[in-house]
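Peer 1: So you can see what is in the structure, the chains are spelled out below.
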Amino acid sequence: MQAGYGLYLEEHEAFRRTVRAVVDKELRPFAREWEDKGEFPLALFRRFGELGFLGLKYPEEYGGTNAGCLFEAVLIEELGRCGSGGVAAGLGAQFTISTGPLHLFGTDAQKKRFLAPAIRGEKVGALGITEPNAGSDVAGLQMTAKKVDGGYVLNGSKTYITNGVRADFVVLAVKTDPTKGHKGLSMIVVEKGTPGFSVGKKLEKLGWRASDTGELVFEDCRVPAENLLGEEGQGFYQIMGNFQWERLSLALGAVGAADDILAGAVAYVKQRRAFGKAVAEFQVVKHRLADMATDLEAARQLTYHALRLHAGGEFAISETSMAKKLATEMCCRIADASLQLHGGAGYMKEFDIERHWRDARLGPIGGGTSEIMNEIIARQFGL
Amino acid sequence: MKILVTAKRVEDPESKIKVKPDGTGIVLEGLKYKINPFDEIAVEEALRLVAKFPGEVVVASVGGKEVQEQLRHALAMGATRAVWVNHTGPLDQMGIAALLQKVAEKEKPDLVILGKQSIDDDQNQIGQYLAEWLGWAQATFASKVESFESDAEKNKVPALTVSADVKTVRVVREVDGGLATVECQLPAVVTADLRLNMPRYASLPGIMKAKSKPIEELTPVGLGVDVTPKLTVTKMMAPPARKAGIKVPDVATLVQKLKTEAKVL
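Going down the list, the sequences are from chains Y and Z.
Quick note, the first sequence lines up with residues 1 to 383 if you use the numbering used here.
Quick note, the second sequence lines up with residues 1001 to 1265 if you use the numbering used here.
Just so you know, not all the hints are guaranteed correct.
[Unchecked claim] Here are the computed lysine-lysine pairs in the DSS-like style, where the Cα-Cα straight-line distance is at most 30 Å:
#	chain 1	residue 1	chain 2	residue 2
1	Z	K1032	Y	K25
2	Z	K1032	Z	K1211
3	Z	K1235	Y	K25
4	Y	K286	Z	K1018
5	Y	K286	Z	K1016
These are computed hints drawn from the structure, not numbers from a lab.
Predicted model, so just to flag it, every value in this text is computed and none were measured.
All chains should be modelled from the sequences, with the hints used to inform the complete structure.
Peer 2: Structure representation (structure tokens):
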């Protein structure tokens, strides 16, 4: 399906076959089990490290393959087909968002301490931005980092943090200068076990149930100065830079998931019989599938367009925001249409579509809501 | 140690295979292809042996330009280089074996490992023809059987053991009713069964390295082989669709039906 988009080369397609084989053998068969348990095995991070999947765009000196973002795009798309949004999110957070700032803004020492073991899958990373009272409104974040002799003292809390409960380190957005808005923001790394850092609770969710989503609390948590990423006051720009790949990855994951959901719908309506024939033979069903395929293709095209711009080094903020909104909402529509095509069976736990339907719903919320995407898109009109 | 392996291009088992209405073959539109899974197992075994006895793994395939995709896959897994016999058009198993014979005579490997059969035609003949024509020993259906009770027992008998002086190979074969162990003088031909190993994935560094590994192009004419098929397929048919079964209320009815309808009692 991917051939002919003028984007991926033969080596990307060869890598896709490898990822697909891993997904089909090592993830898909366990999607339901991990969903029921509410987590996937920690060993999967190490396995992905072994397979070289956690460092595709990072330098070789830290254990990466320095292969570029298109290979990671292939990985994200195929992970979208793993049948569990939670597994894709937990593994994805490791290489898309939590290690990104370390790679871009970390010193050599910080990369050796955090990035290298994260690439090997030995340490789990999380990105901590959202707070109970601020998320996309990053300038309004309240968690503080007060400068003291030799370090910072952190106070505040973070919530809805993917991998938050199991993370060995968290890359946090904090206010080093609470008197300033976005210019008072900085990024700092905190390790698990640092006194004053506690994990509040694992949050229960509608979907993405196999991923751990945590609430993190910091009370007079002292962190050494060497854990600061880049310079004080640069946090806002660091976060904004990181958002691009996060949003593109959500769009790519939605395209991958929708592709899989549509294939599942087609297979179901071909074997399900009603009124003496396969339901796929009814024109209303055929046309519904055609609409779904068209919806998917449009979103895929825009996502690939944004990816092409990103891969070419452009800061394509409008296109990326459009792709994130369109693709994640498309995935919800495809999941909903597929559930409807399944009829009563679609509402049953026995069938995977009910999980896909719940998992898809996070898309237009996480990594910046569709409404926030619209705010960004509207900026081009000077609004 | 030098090992020659094969990489046949076959229809992906997940593709929907349909026989053409006129019975001359299968519908090729929309099919996906991959390396024959048994050949992939052969490549894996060769890579493991070469890790112990340094040398090279040469992978061969016969077909049009498209078989380079399967050769690249084997190269991405770690094979050293590839031999591509460029041929389009009809080919029977004797033609393939004759071409491989020439390749083996040219390459002079210590060992040839092939899949025991390919999952498209399921002929299970190439290894046997090849060994016979080369005049080499053969050990078909090399297998590691998972039904051993303990890991210790399982590990006691590796399926393929090459002697330290690389003169002989001992092969545990899967045969009807059990396992047979044979020892062959090298060079020999071994065919791989399903349980021999779990092939590795092609890693990204492997995929990138494979791009620059050489693929040597040969032709049947160049090898001096006449591949005119001696065997022709006259008609292909899909197996008859199975009828749905029925449920019976009790054992008595079952026995009754087995007697009167199935007539097996």
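Peer 1: What are the numbers of the hints that this structure violates, sorted from low to high?
Peer 2: Violated hint (a single one): 3; every other hint is consistent with the structure.
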